Amino acid sequence: MIEFKLPVLGADMDEGKLLEWKIRPGDEVERGQVVAVVDTAKAAIDVECWQAGTVYRLLVQPEETVPVGTTIALLLAPGETVPTEVATTPAPPAPATKRRPPEEKPATAKVPATVHAAARARISPAARKRAKELEVDLDRITSGSGPDGSVVIADVERRAGKKPPAAAGQESRGQQMRQTIAAAMSRSKREIPHYYLAETIPLRKAAEWLQAKNAERPMEKRVLMAVLLIKAVGIALQRFREFNGFYRDGAFRPGEGVHVGIAIFLRDGGLVAPAIHDVPEKTLDELMSSLSELIQRARAGSLRSSELSDPTITVTSLGDTGAELVHGVIYPPQVAIVGFGRVEQRALVDEEGGVIASPAVTATLSADHRVSDGHRGALFLAALREVLQQPEQLA
Amino acid sequence: MNLTYREALRQGLHEALAKDPDVFLMGEDVGRYGGSYAVSKGMLEEFGPERVRDTPLSELGFVGAGIGAALGGMKPLVEIMTVNFSLLALDQIVISAALLRYMSGGQFSVPLVIRMGTGAGRQLAAQHSHSLEGWYAHIPGIKIVTPATIADARWMLKAAIADPDPVLLFEHAQLYNMEGELGGNIEVDMHSARVMRPGKDVSLITYGGSLWKTLEAAGTLAADGIDAEVLDLRVLRPLDTAAVLGSVRKTHRVVIIDEGWRSGGLSAEIMARIAEQTLYELDAPPARVCSEEVPMPYAKHLEDAALPQHDKIVSAARGVLGP
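In order, the protein sequence lines correspond to chains B and A. Per this note's numbering, numbering through the first sequence is continuous, rising by one, with the last residue being 1203. Per this note's numbering, numbering through the second sequence is continuous, rising by one, with the last residue being 336.
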């Protein structure tokens, strides 16, 4: 039996509300299939399952909020058969299950009954409705002031009074996201000893190459400079594994593959950094379409669980309207963030010693000093610069 | 201008007889005696024995005669002394009056109004004291009205006479001597409940003789800081469900006060509709104050104990509000 657990969909996520199941008992699930939609403080996320199997039972109902790590569904592994009704672990051979020790049966039959009776709290229907409107967790109200100690509207509102009233769903979503970002960034600055490096990278060759490439293409197929920068980071990282991965429980673990989180600002406030998977292996065209699709889905609030939990590094690219350079804050448990300022014409000194005007960008690296040192960071930025001088190799 | 409930009824009756020659009054002791509750006092002298008719002691007979007159185009007002005696006429009311429009394929109307006394509280013992209007509210084809205010006593008869189908009008025996002010010529309808006292904490839903006890209880609750809304149903069939639900959706708590018995009664029907249609607005289980399920006692202290009273209503309201 495969236990499908609610995954962590971002730093500081400790629970999630199931919004929708995309599967039903009996369905065949493929590896990577989206099986559920879960609401986190940031967005409604499409959650994927990474094990193939057949859905046996759904253990959590829509609208239920459960902690991360809770088993929310049971799947039968390929070849596995349906166990007998009471067993929740793979059943021993058939004759044995039929001849259970007699004392075991009443125990298994009784336990759920008592749990059920105790679990049904006295909460008035109107209080339940109000709690939903005010997003109050009824489990946190331990005693009610209504008849027979029931939880009534007044108890819910008293509980809700501790947080600012949510006038509209949108506003509360914005506030929640702000809180989530605050928690993650505070943790980052509290725990991660950042160091910062910057490097000006000439982009004349890259810009010319890109211009020539785009000239032959219709508008919608054109590749942005940002994509070139992302690909370059991916390529450079292959030689600098200490910037690609996670720092957990006092140790660094390099990431399997280079999955670059792209910082995307959302129009109604807030920020997400979902991953483009396996960046070095993707062509520029593939990356371009991944990027546009990712931005679109991030703003529509329909990201996938793997996109949120998988990034091994983050890239923040301010674009044409941004500032000259950005010192990023590392998103834990990652260990580095690469920043790109505005791409613009700069006065640079060329190989012959003359001053020329050339497109350029200031790349920065914020990295975790527990994992790497400035020397390696500088080498990484130099490698990034070199990669960007041979744009044709990035295609 | 202050007047009694009895006088208000009398004015309504007088107006009906004076204005419409098709209207006539019929019943036990309505003429020479002036009506058991003296509502028709002086009418015989004024309108004559053709239009104010004393009948033999046969509810089955004179209700049937009323139905016949109604079919023939008259607008009879039949008085039955109390609802307890109306059971003798059940066949005429339930099987004839209520069904004739349907059975005739819409060819016949029965524009009959039956007035009757109801309720306890005057030590008239079990055979004269029951509140069976909730029973009649079970029957499709008739309308049930329960005037409890001076204005309704004065004007509801007019609305009942104007209705083309049988209307049963219940006068609570304890209200006849109640005095109150009558406003100007108010048009009263026969389909809506009325908020007698707006409030936000609990809905007290009632009608008829219990209305005034309930208003008094609401006053007591107000002194405790509990803002009770009092809804006078006025019409038991068709029930103004929208008004009931509207009040409950506002206060989220409800107590129903009904002098009828609770089992299978009107209070049960109201609770059922609340549960069916607005369960998720309830912040506490609905409660009710009804008559105890015994024959209405004769002894004063036992009769008082068997009926919905101020203290019971106050305590039920506090109950739904929690400790």
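Hints are computed from structural coordinates only; laboratory data are not their basis. Given the structure is predicted, the values throughout are model-derived calculations rather than measurements. A hint or two may mislead.
[Unchecked claim] Going by beta-carbon spacing under 8 Å, a handful of chain A positions derived as facing chain B:
| hint | residue |
| --- | --- |
| 1 | Met39 |
| 2 | Leu228 |
| 3 | His265 |
| 4 | Glu289 |
| 5 | Tyr293 |
| 6 | Glu294 |
| 7 | Ala297 |
| 8 | Pro298 |
| 9 | Gly335 |
[Unchecked claim] Partial selection, computed: residues in chain B whose CB lies under 10 Å from chain A:
| hint | residue |
| --- | --- |
| 10 | Ala929 |
| 11 | Ser932 |
| 12 | Ala935 |
| 13 | Arg936 |
| 14 | Arg938 |
| 15 | Arg948 |
| 16 | Gly952 |
| 17 | Ser958 |
Even for Gly, the Cβ is constructed at its ideal location relative to N, Cα and C.
So, going through the hints one by one against the coordinates:
no.	hint	in the structure
1	Met39	50 Å, violated
2	Leu228	24 Å, violated
3	His265	5 Å, holds
4	Glu289	13 Å, violated
5	Tyr293	5 Å, holds
6	Glu294	5 Å, holds
7	Ala297	5 Å, holds
8	Pro298	7 Å, holds
9	Gly335	4 Å, holds
10	Ala929	15 Å, violated
11	Ser932	4 Å, holds
12	Ala935	6 Å, holds
13	Arg936	7 Å, holds
14	Arg938	9 Å, holds
15	Arg948	19 Å, violated
16	Gly952	8 Å, holds
17	Ser958	7 Å, holds
In summary, the numbered hints that this structure violates are 1, 2, 4, 10, 15.
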